[in-house]
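J.: Sequence:
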Amino acid sequence: MVKRSDRVDDLEAALAATAVFVDDPDDQGWMTAHVGRQDLFVRIGDFPDEDLWSLWLGDGRWMDFTVTPAGWTLRVPGRRWPAGARPRLPKNEFHD
Numbered sequence: 025m026v027k028r029s030d031r032v033d034d035l036e037a038a039l040a041a042t043a044v045f046v047d048d049p050d051d052q053g054w055m056t057a058h059v060g061r062q063d064l065f066v067r068i069g070d071f072p073d074e075d076l077w078s079l080w081l082g083d084g085r086w087m088d089f090t091v092t093p094a095g096w097t098l099r100v101p102g103r104r105w106p107a108g109a110r111p112r113l114p115k116n117e118f119h120d
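Numbered according to the numbering used here, the sequence shown spans residues 25 to 120.
I should point out that these hints are in silico values taken from the structure, not numbers from a laboratory. Check the hints yourself; a few may be wrong.
Simulated pairs of lysine to any residue, SDA-like, Cα-Cα distance not exceeding 20 Å [what the hints assert, rightly or not]:
1) 115 / 72
2) 27 / 72
3) 115 / 47
Quick caveat, the model's predicted, so the values are computed rather than measured.
Generate the whole structure from the sequences, applying the supplied hints.
T.: What follows is the structure, encoded as structure tokens:
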């Protein structure tokens, strides 16, 4: 579950890591991976109006991208979130 207070502490390590992102079971439109001691949260963009992916860095910052880092595995979902997952919010809005 992504929160506004979440943050990426070591971006360089995160981008260089091997990470398999899975659908966040609590929040529609988000995927998450655990890398080292940090959790990474990627928002799936409303492509083509937004970048395909946005990594939440914390403190109101994002890293937008359309090509994933070499060690990351991300798949565009086909609405796979559980019925109880919180609805997708516009970018920069969080449920917390």
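J.: Next step is simple, just say for each hint if it's right about the structure.
T.: Hints versus structure:
1. 115 / 72: Within the cut-off at roughly 14 Å; holds.
2. 27 / 72: Answer violated: residue 27 to residue 72 is near 25 Å, above 20 Å.
3. 115 / 47: holds (17 Å)
Going down the numbered hints, you'll see the structure goes against just number 2.
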